Amino acid sequence: MLPRLCVLVALVCGLVSGEPMTCRAADNAPQKFVLTSATTNQQIGHFELTHLDVENGGDIPWRVQKKTLHGGKQEGSELITVDNGKLQIVIVPTRGMNILEVRSGDVRLGWDSPVKEVVHPKFIDLDTRGGLGWLDGFNEWMVRCGLEFAGHPGKDVFTTNTGDRAEMDLTLHGKIGNIPSSEVVLIVDSEPPHRLRVRGVVYERMFFGPKLQLVTEISTVPGSDELTIEDVVTNQGAGEQEIELIYHVNYGAPLLEEGAQVHVPAKRIAPMNDHAASGLDRWNTYAGPTPGYIEQVYLVEPISDRSGQSLALLRNAAGDRGTSIRWNVEQLPYFTVWKNTTAVADGYVTGLEPATGYPYNRRVERAAGRLATLDAGESRTFRLDFGLHVGTEAVEQVAGTIRRIQGETQPEILRTPPEMPDTGDE
Amino acid sequence: MLPRLCVLVALVCGLVSGEPMTCRAADNAPQKFVLTSATTNQQIGHFELTHLDVENGGDIPWRVQKKTLHGGKQEGSELITVDNGKLQIVIVPTRGMNILEVRSGDVRLGWDSPVKEVVHPKFIDLDTRGGLGWLDGFNEWMVRCGLEFAGHPGKDVFTTNTGDRAEMDLTLHGKIGNIPSSEVVLIVDSEPPHRLRVRGVVYERMFFGPKLQLVTEISTVPGSDELTIEDVVTNQGAGEQEIELIYHVNYGAPLLEEGAQVHVPAKRIAPMNDHAASGLDRWNTYAGPTPGYIEQVYLVEPISDRSGQSLALLRNAAGDRGTSIRWNVEQLPYFTVWKNTTAVADGYVTGLEPATGYPYNRRVERAAGRLATLDAGESRTFRLDFGLHVGTEAVEQVAGTIRRIQGETQPEILRTPPEMPDTGDE
Amino acid sequence: MLPRLCVLVALVCGLVSGEPMTCRAADNAPQKFVLTSATTNQQIGHFELTHLDVENGGDIPWRVQKKTLHGGKQEGSELITVDNGKLQIVIVPTRGMNILEVRSGDVRLGWDSPVKEVVHPKFIDLDTRGGLGWLDGFNEWMVRCGLEFAGHPGKDVFTTNTGDRAEMDLTLHGKIGNIPSSEVVLIVDSEPPHRLRVRGVVYERMFFGPKLQLVTEISTVPGSDELTIEDVVTNQGAGEQEIELIYHVNYGAPLLEEGAQVHVPAKRIAPMNDHAASGLDRWNTYAGPTPGYIEQVYLVEPISDRSGQSLALLRNAAGDRGTSIRWNVEQLPYFTVWKNTTAVADGYVTGLEPATGYPYNRRVERAAGRLATLDAGESRTFRLDFGLHVGTEAVEQVAGTIRRIQGETQPEILRTPPEMPDTGDE
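Chains as they are written, first to last, in numbering that gives the first Met the number 0: chain B, 0 to 425; chain X, 0 to 425; chain S, 0 to 425.
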């Protein structure tokens, strides 16, 4: 099918970019495919590549597709689907390289939000509804919150052009999840195991404000049931820059169900507010869909193994399906469990959230000493590995690892929300 | 012309959607044509169909066209024109299935707004200018206000993700008129009278907020001088949902002119504010274009006939051209007359507005008991029939019907604005 | 290359506008080329024309190109490059006919903003960050601030639909720089010197608000090192309208460097705030890139020559490269020097700003008597001529002209910021 693909790609490229292009897929198996580039002014609306289309793509059938969505608020949103032969990973370059979902057989990483479309950022107003506009597009499995700020909306100070400190309204979970990617490249390793890498660059930058670059690589090995996100955040400004980054990773049915559990090795666990405190005894067990349920949020200080890695598991009630997140606690020292087991129609979901801090307003995070800062030119790397685990044995193996990391340490359970630090507010 | 059309449509479909499509118009007279679908990822940028292009389209020449607009703030906005042989109805799927105008000979339903372009929602910020951003795109004959809220901007309470009641800034006339349609289908009845139906689905939904679906059908019979809007609003959330819906139907020249009149059978009529009270004696007669005119708004409790229908008429000074709205007062129990007979350059216009309430802020509407609510899963239907009436006899016939509905009832005329209900505000 | 161009243009036109078009470039040298038109529904995504493509285009090689940008926040932004054989002028019709940069050999009019992409207005929210959202797209050489308001964000009064005076939040530098052009035409003079003119029309208009039209013509003579901006702003509303217009013209390296100077004939010079007052003695000399530098702004009342023209010069340290702005002080009676010699990564830049007033909030400008108003239907013209000057002699010639305009007048230097006028605020 290469020739046909080639003609189609060349046709689409030429029309979209307004400039003639050679068809990369027609070359002698190039291993790098530019899908979007603000630098070279390219935007490929439709793309398809399989292990047969490249010279050193390996023997395991895989396929990468890109398409553009239409209708309603998803007009113009783009999706890249990486099918590694076992997992189908759906990436949203138009929305900051979020991941819409991952499917594998009867397991799905993702959830059913009342927001059904992949909302294009041009239809998002983060400031609306008292700073909750982010919720108009919230439906992904994995959405990054950040980078200048994340967490709850509300007032915080910033420096204006005149050097004065002024108040601004922070918006829920920041901007990065609603910024279209400037650069997107597909890379196919020529060497076994022929890892498939989708690399994106997203800029959160302005004049008199942050100049932050996110370079993300979402990758997977053909035939495996794992994927990796490796992000590098760089301060391209000339001054120190505060950052926040929450990996808001969300799960609904079928993994989430009555009796599903979350496991994570913990030094300390605290309820985020009084309402969460009332459900503290069941903090790691889930209810079924419960109309009128009000979210309960738990703040976890995770324990790591000797290499600095921590590990969280979400498993279904039967314990025969599960998914795990492995991350480095030096990179992401905090972990939040967001329980929102409301009615299915309202979005039955839980969020597991490795992060640089907790989802309080930045004012609180700063006062609590949980804000990260980047010096001029400094970069910080964040890596997360996600696994799907099918069968009781596979699930139990992850649970056992978590128990080993927990070891003899008894988690301290705070019965009441942490005291709010002094933010200097009157 | 079918073969040429077919090639063009197939070409455009293929390019826009990125996927090859069969040309529906080339089939054996299919009666349903998908113009937009978020579900099946279709967006037809250009479309044309006539009574000759379908097998059972009837003998009366009609034509439906779709095109995409360019330039300024209308870049990307789409228009569907339904020409039933007598009326040309111009629908804006990109703006919530509003209707830009209806033309028939020398009569026009519509007006000349200072906003000349069909503004794409991506250029609208409803929150700007103290919540008056809606005015940046306001130029249609018929625009729905709603669905979560309509009417004046200002503070009201809502429920946050944490279950708390917080204040939010409502924006003028809500969101539904600035949301692109997710699904748009043209349906041609195979049975006489071969009614032409443009059906659209628009979603006003978010996480931690309303999950409302509007299914609208705008339809007309070939050769007739009537059109019908039938809307079904459904609460797809799991909890009770307040809704507001105002049909903001606007008229300028040539129907609106000095001496033009509005007729509506009324139980009670009240001025909306003191300024309107000062013009109460002329509430149903219009001035010519008056530079510096400040809007005057009148609140009407309409009377219905035995079948529940009410009827409003706008007629020109000579009484030989008119247009009517027929609606069910159980569905839409309130009716507002918005007089804005300012200079032509500033938008000489009147609005006739059947609605679930009055255009006060939702806080006021709630306190006054005029807010509608939908239970989980509940739907509510709204139907309006619009007619054009040419000639003194035709106009007088409608006026006579309105007099018969009014009957012996003397409308109560309030000389002062209604007392504001207690909203619980301090 | 004409035939190939013709086919390409026709193809693109046909696809983008959805309608077949004749290829203008294939005609017998037409001199007017529509690139965008909301009136006739045209949008040419790709365009190219040279002196060889028109009959009376002259002998000096020139080229005009239009392309559409892709990737990140510049997706869909358009650029028109006018290469007059000596200058390359890059116009952004999508952003209110701003000018991104002008290049000529080793001289550049422009700067290196941390905002690298030509941000499409659909991604701009002017109200965000306390009204500083304009900074998300700020990277042009020349951006107009206005038209309803310009300058600092903050509260000011306006008239609502009900005739009441209410407060609204003005946003930094207004809207005109983020409104896509409704009409864009390229005109090639048939008569020598065959001036190339790009004419654009941008509307800042709404219902219950301003109805302002900007017609701009950006023009240059093939082979010259000058360009002219001639703007006509018209109040298309029926009432008096306040306007503000600042030509925010920005320069970075290589012209801006340590020891660079600005020259302008001045009656009076004042620092905008206390911080600027502290640097008053060096108000017209620039520092090199200085991390942490806080902007310093100087307010200048310019002197004109007998014909009403004033002239400003920015020259490099060696005095062998310079650029000038010539304008009429009746049209633009005020001039602001914005010094922002911060680190290169943060945007090392100076702005020279002929304007109708100073960049205070409109509330202040009104109270100080610096607001311009347009009667109903009234137009006001603004013309600016820009020159590049290479070589010590050429630069010195401009400096000499400025000295002659200054003449014997000693500029009054205010040591402290001007007293704030009484704005009626409590």
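Any given hint might turn out to be false.
Copies of the same chain look alike in the list, so a pair counts if it fits in one copy or across any two.
Claimed, not checked - Calculated pairs, DSBU-like style, for lysine-lysine (alpha carbon to alpha carbon, straight line, at most 30 angstroms):
#1 K66 to K154
#2 K85 to K31
#3 K266 to K85
#4 K115 to K85
#5 K31 to K266
#6 K154 to K85
#7 K66 to K266
#8 K115 to K31
#9 K154 to K31
#10 K266 to K115
#11 K66 to K115
#12 K66 to K85
#13 K66 to K31
No lab work stands behind these hints, which were simulated from the structure alone.
These numbers were taken from a predicted model, which means no experiment stands behind them.
| said: Are any of the numbered hints broken by this structure? If so, which, sorted upward? | reply: The structure breaks hints 1, 3, 5, 6, 7, 9, 10; every other hint is satisfied.
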